[in-house]
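Next come the chains, spelled out residue by residue.
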Amino acid sequence: MFKEYDPIKNKMLQIMDNDGKIINEKFMPDIDDSEVLEAYKKMLFARTADNMTVSYQRQGRIFTYPPNYGQEAISGAVARIMRDEDWLVPAFRELGAYLAKGASLKEVFLYFMGYEEGVNFKNAKNFVPYAVPIASQLLHAVGIGYEIKYNKKDQVVYTFVGDGGTSEGDFHEALNFAGVWKAPVVFIVQNNQYGISTPFRLQTASDGIAIKSYAYGIKGIQVDGNDFFAMYKAVKESAEYAKAGNGPVLIEAVTYRKGAHTTSDDPSKYRTKEEEDEWDVKDPLKRLKSYLKSQKLFTDKDEETLIEDYKKEIDRQFIEAENFGSYPLEDIFKYTYGDMPDDLKQQMVEHEKFIKWKEVSQNTNV
Amino acid sequence: MFKEYDPIKNKMLQIMDNDGKIINEKFMPDIDDSEVLEAYKKMLFARTADNMTVSYQRQGRIFTYPPNYGQEAISGAVARIMRDEDWLVPAFRELGAYLAKGASLKEVFLYFMGYEEGVNFKNAKNFVPYAVPIASQLLHAVGIGYEIKYNKKDQVVYTFVGDGGTSEGDFHEALNFAGVWKAPVVFIVQNNQYGISTPFRLQTASDGIAIKSYAYGIKGIQVDGNDFFAMYKAVKESAEYAKAGNGPVLIEAVTYRKGAHTTSDDPSKYRTKEEEDEWDVKDPLKRLKSYLKSQKLFTDKDEETLIEDYKKEIDRQFIEAENFGSYPLEDIFKYTYGDMPDDLKQQMVEHEKFIKWKEVSQNTNV
Amino acid sequence: MKKVMNMVNAINDALDIKLKEDRNVIVYGEDVGVEGGVFRVTEGLQKKYGVERVFDSPLAESAIAGTAVGMSIAGLKPVIEMQFSGFANPAFNQIVSHVSRMRNRSRGKYTSDMVIRMPYGGGINALEHHSESIEAIWAHIPGLKVVIPSTPHDAKGLMIAAIESPDPVFFMEPKRIYRAIKQEVDEEKFSIPIGKAKVIQKGTDITVVAYGAMIREVQKAAVLAKKDNISIEIIDLRTIYPIDRDTIVESVKKTGRLLTVHEAIKTFGVGAEISSTVIEEAFLYLEAPPKRVTGYDVIVPLPKGEHHFIISPERIYYEILRTVKY
Amino acid sequence: MKKVMNMVNAINDALDIKLKEDRNVIVYGEDVGVEGGVFRVTEGLQKKYGVERVFDSPLAESAIAGTAVGMSIAGLKPVIEMQFSGFANPAFNQIVSHVSRMRNRSRGKYTSDMVIRMPYGGGINALEHHSESIEAIWAHIPGLKVVIPSTPHDAKGLMIAAIESPDPVFFMEPKRIYRAIKQEVDEEKFSIPIGKAKVIQKGTDITVVAYGAMIREVQKAAVLAKKDNISIEIIDLRTIYPIDRDTIVESVKKTGRLLTVHEAIKTFGVGAEISSTVIEEAFLYLEAPPKRVTGYDVIVPLPKGEHHFIISPERIYYEILRTVKY
Ligand SMILES: Cc1ncc(C[n+]2csc(CCOP(=O)(O)OP(=O)(O)O)c2C)c(N)n1
Ligand SMILES: Cc1ncc(C[n+]2csc(CCOP(=O)(O)OP(=O)(O)O)c2C)c(N)n1
Ligand SMILES: [Mg+2]
Ligand SMILES: [Mg+2]
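Residue numbers (this note's numbering), protein chains in the order written: chain A, 1 to 366; chain B, 367 to 732; chain C, 733 to 1058; chain D, 1059 to 1384.
One chain only, chain A, in its complex shape (with noise of 0.2 Å):
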């Protein structure tokens, strides 16, 4: 696959094309009808959490979100791969890998809302949280790689990026480190043709991403992040070949952030209605479906069950994220440091006396 996709070929690998025909036999992956349709399910209640909170959101019910709409397949795939001893140290647009690490949509939405709770992912293993500073996440999956091979053990780190992400100077320190250490670490860049409002030629001027892994001497190669079938495949070897002791693999998924940015951001202000079209067939959830159709695995009214059976799911969730209580004032000073210093003892104490002094006065009308 790397020698056949070597990213100086130009080559994207693809596997089933916009109609859900398996074009590419040679790559198809050794998966189940059984697994495919398991993935299929997992993206359609992706998509379905992602419309609901949106919205949500739209009735400020919680403060801000980052859609997955349209990129489903990515993490769609890592989640049939990824096992509960691996690591995913992510960005913040892969809603499908963090259930699958075991995340509730419950802690997806508290974190939405304004809790720290929602990154804690009390069920998931080896799942760090969320990272903001674009970019910067990539060197911790890097020394959680150098873990890996210090203590021999049998797990690999997938991490992802945007592809804003790729400009910043910690993508590069990452994937050089990654390279020189042949740390166990499969880099996911999700290249959605956006940060934001920047389209992806004014991020760079490479052919693409997965050109990049010539700098670093390690393994590359570009994959249609809409084929669910090229994403698994390629997140497979990767994972193996990284496993091996061979060193990291960097993955452009190619791909498309069909809704905003996040809940705050309006893309018809910088791109065109004729692009999101063109997008738009290829559409992963679209893909697979037909494919799964063509198989005879699946219909319309099995998706239409599903859908009702999530929505469910899916605000029976919510609801119980809006039942999540009171912030103590305590948590905003305990968990800063392992031991808390004098200072935030007594800075807890003065606000607890304001506190008082607050309703003293309030009710007595001071």
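To be clear, the hints were calculated from the coordinates, so they are not data collected in a lab.
Built from N, CA and C at the ideal position, the CB exists for glycine as well.
Don't take every hint at face value.
What the hints assert, rightly or not - Label pairs and their in silico Cβ distance ranges: (1) K1256(D) / S923(C): 47 to 57 Å; (2) K914(C) / S55(A): 30 to 40 Å; (3) E716(B) / K985(C): 14 to 24 Å.
Unchecked claim - Okay, the calculated bits of chain A under chain B, using three or more residues with CB under 8 Å as the criterion: (4) 174 to 184; (5) 194 to 204; (6) 207 to 216; (7) 319 to 333.
Assemble chains B, C and D with the ligands onto chain A, guided by the hints.
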């Protein structure tokens, strides 16, 4: 040139062999004998100055110095091509280029004696002071490149960095911005095989540095940095290419730091005599002198005479630097801001008061 | 002629005036071009002045600052945006090692006299890293000037001054009041000197020093304190560095009491410098210890916890009472 | 058993002890392996513990700190070196955005409890960027602890404590006294608590607070002051944050006078926090305004100008006199 020496081919541009024989007529630059002789003389001057500076340091007459020994062909070539109106954005190991730009040796000495005036370069146009934080200067070069394009000037920026410096995030960001902006910048990496004690193989897993140009969609070329003709050819064509509006070029000049990192470093701790000997036969001055001798342009006797003269000149400038004089108090204050804040004025007054008190109290033995 | 403006309009107006007047002024940063910035501060400027003068850069803050160093050396006047102050962090090395030092290093031959603008501060229900207030850090760097406006009028005048300054200016915009305060602002060009604080309310019992979004909160606290007949002198610092010690000291010599208010954390914050100044220069006038009302020494909480952190007019009033009754 | 050590030996010894004792301890940075660091602090450790535990990294500080974040999340205990404190600047974002915050962000699930060591400060005739003292900046970041030793003994004990701390520790080594002070130091393992200052000389007339290389200068000043019969209480801060306010306040309540000495610049520096603390908590005990002897608010000059900047015992003595005679 760029096609034939496309970094993907893993070929290094070499024109002259270790014995000074031209082995690659096709790419031999169009350069007069007199010009070559002049270049050699400048390289010899730089080496002589370099040697003497190391001795001055041993005598405790300057604080520190990063020797250029073994790398003189790189700056030597740039020196012949760079024009007054071009910009030089240096690292700190390009003595020949500084002198060509109009810096005096005296200024170079002043800096390493501990005077800021040593990077003021009174008679040099468009020469930015040395940048100590590794690789950070490359971004300045790109910003200057932007201005050149913006004002449609006939200029090019030459900027330098070491092999170690290519690991920094700023290297990446600079090349990436330059690629997007098509900035007229010639990036010259002096790959001298070490960053202090760290060997090149621990800096990056890539095949050399020129290949990193692929990550930015820009031209790159690997050059024998100890071959004056190869460096001349590469710099000349790169400058023309960049000036013509085609964008930046990344030149990897493969060389060897024959001396210590700085005068406080001892390379025998981290490298072998064998390795040093291997590189000795590739010495850039030896090679160019062999060429000149074979062309009957130069003799050992000429060299002796020159060195004698150079030594006198160098010593003269060194002594001038040593007599530069004292460093007035106000000089630590007056360049911090364009308009000095009251705080600084007051601190200066306070210091003067203290000095006066000290003098009085010492005289009165209080 | 005057026009009603909020702070976003006012800064946009200042940039517009300078872009029109001086071809060397260049505006760039992440999403400042077509989009006009995520807070729309640069809206419309690319259309008016073209993509060579107002443009989107790749996503890399060190490069944005570092290329601006090169541009200023070559004679341009870059006005760069950091999308949020928390994202100026990757540019720390370029700013501390070069922006602030180019003049000194080159003994005045070159300068990096750019303007680095950024929205900063809390109170808008934002995610992590979007609510920081680390002005004390930038103000601790010799060679930088740090400006924080509190009104649309000040924002415009200070931005003009910043662009015309011979020194690099950190221009920190309290995003919480980007659109919250509207005001009549002169449409013509005018500037407000950097390095001068302003007494925005005269008083006799206590001096309260604040800046940015906190000014409004102090004003509200002053209203609360009225019923106790406490007369408050409010100083809007406007510039964090060079800090206007004279205006503060003069005021405290009169009132004998000082309270500094900032949303940044307390320890090693701006308030410490102000208290120290007053004690050094007005020791014998003090009737109570200078105090600080600040954010607590913790990481700014996510929105649901922010109310514990953010400073309310009541908390300021409470500390005013404690100081006055000392 | 005791052995004569300088600070370089003492830190090396602490690293040695912890490397031997705990396989999770990993030491890396630029040139720390074969070379043993440019100041030889890690000398011999690679030979002893192998290249997997003590090694040279590529030249990239953000990556050194950022990979250490990942390592600590995964359970290792990285002790990383920044070659000079001025070169920690490129790591600012990783340190401020991640190292200091991982615990809070993950509500305690993960930590970044590394040690970030670096030589800092002036006085060794070094080039630009090699002489900075920006401890106030790091100490202003919630989640970090900042330690500065002043003797070999303290360096060893504090380094052990730093490696065993549940929190990330900035360990700033005053390179000016790396080899200048020799002392008998316990060869066994011992640790000194982080967050506690030490009264190293008792006195009654004035409290002088300092740390790092300034301690020695203050001691020299105390000798000068003896002939004036001034009795000086010297406090070695040892830890910049968490700052030990109690020890300082208690001392000033006794002496009534305070002088803080640091080579870092004055404005928004550590001295401001100390003065503010004292005034807030010992207002009624003060007989003179707390003062600061600090570097001036400028970029550290190159060696030939450094004598104007660096603090001499005479300057400390001069300010002691002024404060005592206030
Ligand atoms: C260091 C830093 N700079 C700026 C930002 C603000 N910001 C948030 S998302 C974003 C664009 C990211 O683009 P990309 O990497 O392509 O990811 P995408 O949003 O497309 O998934 C920016 C600029 C940030 N979070 N961190
Ligand atoms: C940001 C930064 N980190 C560390 C250093 C310390 N340092 C000075 S030179 C050097 C090695 C540079 O190696 P290289 O780039 O190969 O250049 P060379 O010295 O070989 O010319 C280092 C680490 C520095 N000056 N700046
Ligand atoms: Mg994107
Ligand atoms: Mg090198």
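Now the hints, each set against the structure:
no.	hint	in the structure
1	K1256(D) / S923(C): 47 to 57 Å	holds, 51 Å
2	K914(C) / S55(A): 30 to 40 Å	holds, 32 Å
3	E716(B) / K985(C): 14 to 24 Å	holds, 21 Å
4	174 to 184	holds (count 4)
5	194 to 204	holds (count 3)
6	207 to 216	holds (count 6)
7	319 to 333	violated (count 0)
Hint 7 from the list above is the single one not met by this structure.
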